[in-house]
Amino acid sequence: MASLIPCPHCGLRPKEEFSIRGDAAPVRPRPDAPFDAWDAYVHLRDNVRGVMHEHWQHVGGCRRWLVVERDTFTHAVHAVTDAADFTRAQGAPTGGGGASAASGTRTGKGRAKR
Amino acid sequence: MSFSRFPDGGLIDRSQVFTFSFDGRSFTGHAGDTLASALLANGVSLMGRSFKYHRPRGLVSGGASEPNALVTVGAGGHREPNLRASMVTLRDGLKAESQNRWPSLGFDLGAVNSALTPFIGAGFYYKTFMWPAALWESLYEPLIRKAAGLGRASHAPDPQVYEKRWAHCDLLVIGAGPAGLMAALAAARTGARVILCDENAAFGGRLLHDRVEIGDADGPGFAAAAISELGSLDRVQLLPATTVFGTYDSGVYGAVERRDGAASGPAQRVWRIVARRAVLAAGAEERPLVFGGNDRPGTMTASAMRGLANAQAIRPGDHVAVFSTGPSGHETARDLIARGLEVTLVDARTEISAAELSASEGARVLKGHVVADTLGSKSVTGIEAVDRATGKRSRIKVDALAMAGGWNPVVHLACQRGDRPVWDAGSGMFLPPASRDGLAAVGSAAGILDLAGCLRSGTAAGEDAAAALGFTPVTAKLPAAREACGGSTGFTTLWHVGEARGKAFVDFQNDVAVSDLGLAVREGYGHVELAKRYTTTGMATDQGKLSNVNAIGILAEQRGLTPDQVGTTTFRPFYTPVSIGALAGEHRGSHYRPVRRSPLDGWARKHGAVFIEAGHWMRPSHFPRDGEAGWKEACDRETLAVRAGVGISDASTLGKIDLSGKDAARFLDRVYTGKMSTLAVGKARYGLMLREDGMVMDDGTVSRLGESHYLITTTTGAAGEAMAHLEFCAQALWPDLDVRLVSVTDQWAQITVAGPASRDVLGRIVDADLSEEAMPFMAAREVTLHSGLAARLFRISFSGELAFELAVPARQGEAVADAIMQAGAPFGITPYGLEALNVLRIEKGFITHAEIDGRVTPGDLGLGKMVSAKKDDFIGRAMLGREGLQDPDRLQLVGLRPVNPAHRILAGGHLLEPGAVPAMANDQGHVSSACWSPHLNSTIALAMVRRGRSRHGEILTVWDPLRGIETRAIVGDPLFLGASAIKAPPRRGLAPVIPARAPGLRLPDLPAVSGIELALCPEAPVLLLSAPVGLDAAVRAAAPAGDGILRPVQPGQALAVGRPGESADALAARLDGPAGASLCELTDARLRLELSGARAGDLISTQSAIDLDDEGFGPGASAPTLFGHVPVQLTRLDAASFEVMVFSTYAGDLVESLIRAIRRL
Ligand SMILES: [Zn+2]
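Protein chains in written order, with the numbering used here: chain A, 1 to 114; chain B, 10001 to 11161.
Derived from the structure by calculation, the hints contain no laboratory data.
Remember, it's a predicted structure, so these values are computed and weren't measured experimentally.
The C-beta atom is built at its ideal place from N, Cα and C for all residues, glycine as well.
Each hint should be verified, as a subset may be incorrect.
Beyond 12 Å from chain A on every Cβ pair, some chain B residues (computed) [said to hold, decoys possible]: (1) Ala10718; (2) Leu10990; (3) Gly11076.
Not the full set, but computed from the structure, chain A residues with beta-carbon under 10 Å of chain B [as the list claims (entries may be wrong)]: (4) Arg13; (5) Ala24; (6) Arg28; (7) Ala33; (8) His55; (9) His75; (10) Val77.
Generate the whole structure from the sequences, applying the supplied hints.
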C-alpha cells in the first residue's frame, strides 16, 4: 500500500487521510440491465496482480472520491483522478440529462488496462 | 588481567563522573561512555546469559547489532527490557540489570541447560514437546518460557510521554559516518533540505572509533568540522540517537529518536520522514568468526575492540589475541600495540600484504593459523591456535580475543521493500540491491571499505541527489584520507573453523551453533527460510544482524552451493526493535481515538449524566438520582416519565446532512427506497437507504426545508458511512447531478422533548403554533424561539409518544436545554439517556443497528411497504429483487416475551423450537435487542425469526449457552405497547421562557511555552459556499470576500469567514457566488483557533503531514487535513501564524491534544 497518495485537489497526503472502497472498473448497470450484469457489478471482482483502478475517498481532506491507479504488486501509484472525471471517461451514465449513449452493462470483468 | 580503562586518551570527558549501577553494584563512568564501555572500564565483561543454554556472554559487536549484552534499564513503569548496552548512553543515576539469569548473572542455575547440550539441539522444542498436545499450554510453554527468554516487560503503566512527528526533506541521509556526513554536506551546500540521522548519540561513525587522518584533521576533528558546518545551515536537520527503522512506499521512512535523560519533551519520538531522495550510509558490520568457544566473554569483533580502545580508552588486558582474515585485524593490532599492549595475530591467510604487516608491526603474527577454541570459564584466559599446514595445536594465554572475519554491509533498509541483496563473490559480501525509488547506498553500506572511497561515494551521492532535484551543485575538493593498511578492502572468507573443538556459535543470541545448521540440512530443512525457523538462527531482537551471513555461508558449504544460491531471508521493518509506546505516540489510553462531545455535553453533566462511549461520541447513558441503586432503576424512572409526562434527551449526535442543488429531489429518489421527491416543503419523511446488494444500510429522516433544500438525518453510528455513501453516489456514480452535500452535524444542537406534555413544554420556548393542525406529525419547520433565536423544529418521534426535536445553533444548545428544563419543571420534565431511549424504542418495535446488521432487507424488518414499486432505479433495487431476498423463509422481525415475565432474555441468544437439539440446522433465528419494560413489567425483546410474521403466538426457546440461560418465549408483534392512553389535559397560560444567550467561548488555561501561542480567533460567521464542480473558479473568486482569505475545501466548495462581530446574513450578502450557489452556515460547526510563534510549525508537524515549507504552504495557503485523527481546515495566516478550523464537536479533544503537544515542545 502506498504511504502517500497525491490527491489532485490537496496534494501529497498520507494514506491515513484516505479510505479505500475497491475496484473502480465496474460500471453501475442501467436499471433495466439483465440480472447477470447486476450480479457482476455487485459481486464479481478480479484479484489483480499489477495495475488496477480503485476508488479512494480523501475523507481526512477534501472528501472527494478519487480513482487511484496503482500497482498492487509494486505499490507504485501511477495516477490519481477525481472519480467524477473517471466516471465520465468510462462513458458510464452520469446521472444528468437523458440516457447515456454508452453501454450501461459493462460487467465487473471489464478490467481497466494501462 | 581483565578489561580496564587506560589512564589517558579517548573521547570521553573524564571531568564528568557519572554513577550508575548494574545488578545492584555501583560503578562510575564518564560522559562519552555507553553502558557497555563503562562496564568494561570497571572490569565487567560478563554482561548476560544466552537465550537457550544460559552461557555467560559479553559484548560482541558493540553496536546496533549487539546480540549478547542485553540489559533492562529503569524500574517500575520506566522499566525497559532488551536494550543493547552498547546503545545505551551512560547518564548519571542509570540503573541497569542483566537478564535471563537466576539467581544471579555469575551463578545461573539455567546454565545446566549447557550440560544438556546434546539433547537440546536445533528442533528440540518441536520434537520433544510435540505430544501430547494437551500439555502445551499447561506444561511445556511455561517451562520453556521460564528456562529460555529475554528481559521481561514491566506490568506497570508507562508514565513516559511519546510523540510522533512528520518531517519532509529533499534528501534523507541515514548514518553519519564519513560517507553520510559527506552526502549530507554535498547536498546541503546546494541549498537542498537535508535530514541527517544516526542511531548513535554522537555523529561520526568510524571517524570516532578508528585512527584516521583526513587532510590536516584526525577523525573526530574532521567529523566535528562537518557537523558544525551542517549545523550552521538552516535547511538541515540533525537527528542524533535516531534510528531509521523502516523504508516504506512513496519515499516514506520511519525513524525513532531516543531522548534518554532529556530534561523535557517526549522520551522517544517517532518520525515519519517524507524524503524525495535518500542515501543509505549505514556502514558495515564486522563479521564474527565461527570457532570453538567464540562466545566466551572477552571475545569481540576487532573493530569493536579498537573502537572501544580509541574512543572510550578501554584497555582489553595486557595480552590480546587477534584472529583475522583481513586488514581489520592488523589495524586493531596496530592500535593496541600503540597503547603498549602485547598482541598475537592469528591470521588464517598464508599471504598477507605488506601494508597490513607494516601496520601490525610489533605483533607476533601466526600466518596460516586459526583459533580452534578459547580457554577460560566466564572470560577468555587463552586460546588454542592451530597451524593449518601441520595441524599442530598450541595454547596461548591471552586476556581478550578480537576477531576480524570480513564485513557485512548493512543493507537492510535497501531491502525492506522486497529487493534482495546481491552476492558479490569477488569481495565475499552481500551488497545492496540496485537503487530503488531514490534510495541509494553509499560507503561501506555499498561495500566500499576504504575511507577515501567512502568520502568519495558519499559526496557523489549527495551531489547526484541534489542535482536530480534541480539544485545547482557546489563542488568542493576532497582532502586526502590516510588510514591503517590503506583500508579494510580485501579479506578472505572463512565461514567456520573446521578444526574447532568447543561449540562454535553462528548465532549468539539464539545459541545456534554450526552443528545445529548441519542438523537442519540433514533433516531436510536446509532452505534458508526453513533453516531459520528450524534452528531459530536470525530471530529475536537482533534478527541475525551478525549471524545471518555466516549462517548462509555455512548452509552453502553444507549443501554444496554458493551463498547466492542459498539466498537471504526476508528483510522487513523494523531494523532494530522499537517500543510499542513510541509507535503509539500520544494515541493511547483515553487518547486512543478522539472523543466527540455533543454541544449538550455540559448540560448533561450538570444533570449528573453517566456517559457511555458510542463510536467517537460520549453519550449520556442515564441520569442517576440520589438513592437509586444502579442504572436500571434510573432507566425505569426515565422511561416511565417520558410516557407519563415529558422527558428531554440529546439527539445532537444523529448524522445531519444538508442537501441542496437543483437535482436534490432526483438524488434522494435514487438513494432511498421510497419516493422522496413527492415530499412537501415543511414535511419530514422516514426513509431507508440500501446498499447496492439490497441490504439495509441505514434508516433516518429526510426533511424538505425548501424547494431544493433538504436535511437528511442518519443514525449516530452509521453517520460516517452514510455520508461517504452519499458522496460516492453524488461524485462517482452520478457526477452530472447537481447536488451538494454538507455535514451539519456539528452545527446543530438537537434536543428531543418527548411525552404527552411535550407540546406544552415547547410552547413556552418556541414562538409558534404547535397545535396538531399547525404542527402535525412529521412536520419540519423553521421557527423562532421567544428569545428571537432562529431554530428548526421537527415533529419526529423515536419513542412512539408525542415528541419534537428542536435544533438550535450548537453554541446555544446548553442555554436552550436549560430553558426547556425550566419550562418543563411544572411538568416534572426528566432528562433521559441512551438506556431509556432503547427501552422506549423496543416497546414500540422501532429498529436500530442491532436489527440493521447488514443482513436484513426492508421486508425482513416488516418495512417492505417503504420500497417504492414505481421507481425504476434506486441503490439496491436490482439486487433486492433476487429470489433469495424475497424468500418467505427468511428471518423476519418479531417481538418476544418470556412465558414467565421474570425470566431473562438477552440479545445474542438463538431461538430453537422446544425440544430441538441446539444445532445450526435447527436454528430459528436470534435475539437482536432486549430490555426490561417497566410498562409491561416484563422482559421484552426484538428478534429475527424464520418466517417470523406467520408465527405469532408460537413458543420458542431462547438458547443462550454463553450466559447459561434458556428461556421459553412467545413470538408476537414487535409493537409491544399501543398508543398511549395518557392524554394529559393541555395546560395553557404559562409564561414563555426565554433562553439566555450562550456565553463567549473560552480556552482552558494554557502552559506558558516560549515560541508558541494558542488562542481563539475572534468570533466571526462561517459559511460554506458550494456550487457544481464546474463552477469552482467562481466559488474561489467569491469566497475570499469574507476576510480576504480563500479556504478551499473541494472543487466547488470553499469556506468563507466573515469579519469579527459580523452576522452570517451580512456575510452572505457580501458573498457574490455563481448563480445557483448554496450557502450553508457552519459558524457553530467550526471552532477557529490560532496557533502562532516560531515553533508553530514544529507543533503542527506533530499533528498533520502537510509540508509547511514556504514553497508548498506559504502565507494564504489553506487546505483540509487531519490533526491526529481530527478533521480540520488549516490556513497559514502569515509565516508563523496558522488558523486551525476544527469541527466543533471535536474541538475540546483537539485543544487538549494541542496543549499536550505544547507541553512536550
Ligand atoms: Zn483531497
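Hint by hint, here is what the structure shows:
no.: 1; hint: Ala10718; result: holds (15 Å)
no.: 2; hint: Leu10990; result: holds (46 Å)
no.: 3; hint: Gly11076; result: holds (14 Å)
no.: 4; hint: Arg13; result: holds (6 Å)
no.: 5; hint: Ala24; result: holds (8 Å)
no.: 6; hint: Arg28; result: holds (6 Å)
no.: 7; hint: Ala33; result: holds (8 Å)
no.: 8; hint: His55; result: holds (6 Å)
no.: 9; hint: His75; result: holds (4 Å)
no.: 10; hint: Val77; result: holds (7 Å)
Checked against the numbered hints above, the structure violates none of them.
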